[in-house]
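Colleague: The chain contents come next:
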Amino acid sequence: MILLSLPSRTDRDLYPALMSPELNAKYPTDQKAFVRIDVSLRMYWHTLFDICPELLELSGLDGMSIFRPFMAWAGEKKLAFDWSYYLWVYAWLRQSPFKERLLADDKYLRSVMAASAARWAILDRGRDCGIVIGCADTTNLVIGWKCRSVRLGREIELIEPEEPLPAPPDIFGYFTLQSFELDLFPGWQSLAR
Amino acid sequence: MRLGFNFTLGDTYDMVQRLLAERHIDYCEFLIDNFFCVDPEELSKAFDCPIGLHIMYSKFLEADRPTLVDFAARLRDYIDVLNPMYVSDHILRFTHEGRAFFHLGEIDYSTEYESVRDRVLAWQEIVGQRIHFENYPSIMDGGREAPAFFERLMKETGAGVLFDASNAVCAHRNCGTPFEAWRNVIAEARHFHVAGYRHSLVEPFISLDTHAEALAPDTLAFLRDFRSVFDKPGATMTYERDDRIEFDDIVADLKLLRELFGQPEERRHDLALSA
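Same order as they appear, the protein sequences are chains A and B.
All residue numbers for the first sequence refer to the working numbering, where the first residue is 1 and numbers rise by one.
All residue numbers for the second sequence refer to the working numbering, where the first residue is 1001 and numbers rise by one.
Chain B with its partners taken away, still in its complex shape:
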């Protein structure tokens, strides 16, 4: 298992360089649409390591085709220069009746499958690339339908799943989605996310994907229990941290992940080739 860190803006540039230099991580994941005004060549020289590209605001379930074509054209510039290990995106709602959510919304897996499938097929065709879609940290009970939804989506679209382990932990805590229900998705997936979560401020407590805390014991237990399903040749796991960014805390979590998965067998050069 290769370990990576999410790079979302320049503030953490020096820290990511240090994580790489000290071999706490093996690759870097760009939140790529934050960098659409940065020259792709500059981005390609930023870090001497393999790269993953994570998309935040394509809004491919909601945007019109000309907007997506333009977004994809810019994304392609980075894909062509950076030759990423993977390109990933989100299946979620940004708006309702034209009004923006500030805490993004989960889709209804039971009623929206066909429309999402068609959008996924179209988005992959526009980008010209297989895309890995991230699972949501479900709160409401409809989240129990997510594993079957993603399994079917992979089969019928050729898309991958960027499986976020801590999102699955949140879903397990919030709506009882069994870890076992994700087994086939995890087995098929090669690219993963993991992060901390926290509880809501009011009761009944729910667990919120925050990217601001240390890895929780139940997240680590989930990874340990499913270790052999997660780990596979070419597998990557990005540790996400967007708030309370303290180098020592991040390294402590990365060491836990290293202990769990062991040192990656492939060298960086081999990883780039396997992508």
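Only chain A is shown next, with the shape it has when bound in the complex:
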């Protein structure tokens, strides 16, 4: 259904649609508002599939069989789209028709955990230096470190602990580190939506 009367004078008029393929479809395709929303949606697409291209093996090259239903699900749950974006994609895949293929190869899990750790390391502006992400589907941990030297970028580590930590109570858990040492386990925090 096309709603020709949707307000579209300012960017602010479009805010709700900037993260909704469903709402974008209600704007006439020959109008600037449609393109502006399309630009925004492409950022969500590229942020997912440019960083985790393995997921395209599940969905097909255009990624839409993952992207569209995930974005609709994320809208219903009002996901914040913070650093945990990729982990929520995995959570959605885990209850989708892709579940069997997803769980058959842990490369998908490694990819989304690394992507979220990296996103935290580049976007978080709190005082913590690192984040540790764990998952109920693996005993491995992924750590993201913020930039600690002018010559370096963020750093991502995959850790296979000799003594596994207890599994997070939800699919994913995390804790943050106040120094550049992994020297404590304060317990898992659940992902915020």
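In case anyone wonders, no lab produced these hints; they're calculated from the structure.
C-beta: ideal position from N, C-alpha, C; glycine also.
Hints may be right or wrong, so weigh each one.
As the list claims (entries may be wrong) - Partial selection, computed: residues in chain A whose CB lies under 8 angstroms from chain B:
hint, residue
1, SER8
2, PHE81
3, LYS146
Put chain B on the given structure of chain A with help from the hints.
Modeller: The following block gives chain B in isolation, referenced to the frame of chain A:
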């Protein structure tokens, strides 16, 4: 006009050193909140040149005061050690109803002036510093109201404008904001950005600020037409490049800017003093 380059992460450290050594640039602009875990003293020794500090994620229009106070406390550590020529930030939206934009949003200039003005006053007071706020590469027609908004904001808050010339070109192409409407803002501004843009993938085409392409002919024409308004004592122009980072391509653009504005008259030492 002093020319600079944006330094956002360590990947480009060696290239920025080379740009400085070969005198293609005169200063460096740190995307400072990317370096909040780097010792300020290390940062101060990174480059032998004047420094600008550009803030990306203060989110000062949305964050609560304790968060901003903590952010500002860390920012002050860098301001005190680096003695930057300027500190700049963005007027834009990071979220809607608690959900993050991945392509950041433009405010509504006609309805949000008072709330933005109050936030700008509070943010400058918290940081203890005049801040220069960057204009947005407008897409929608509300962007036509941006020049008057920034002009009024400067008058009523004492804030500066970090005028992004290529953002103004995008706004001109996308919503028809006349270059002439920016004249007073440019005349007041001392610190500038410039970069490449590209077109959207679908029609009707819009122009997107990407920091990944060469300077466009209309951007260079804008700079040429308003050259005397841009150039002034202490003026700086940061060339931004965040993707497709090729040394020769960047130098080619920097040479175009040098040809346009000429060699800066002041020596580096004088620039630091004029800040």
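Colleague: Now tell me, hint by hint, if it's right for this structure.
Modeller: Verification of the supplied hints:
The criterion of a C-beta within 8 angstroms of any C-beta in chain B is met by SER8(A), whose closest approach is roughly 7 angstroms, and the hint holds. The interface hint given for PHE81(A) is met, as the beta carbon of that residue sits about 4 angstroms from the closest beta carbon of chain B, less than 8 angstroms. At a threshold of 8 angstroms, the smallest CB-CB gap from LYS146(A) to chain B is about 4 angstroms, leaving the interface hint in force.
When held up to the earlier numbered hints, the structure conflicts with none and fits them all.
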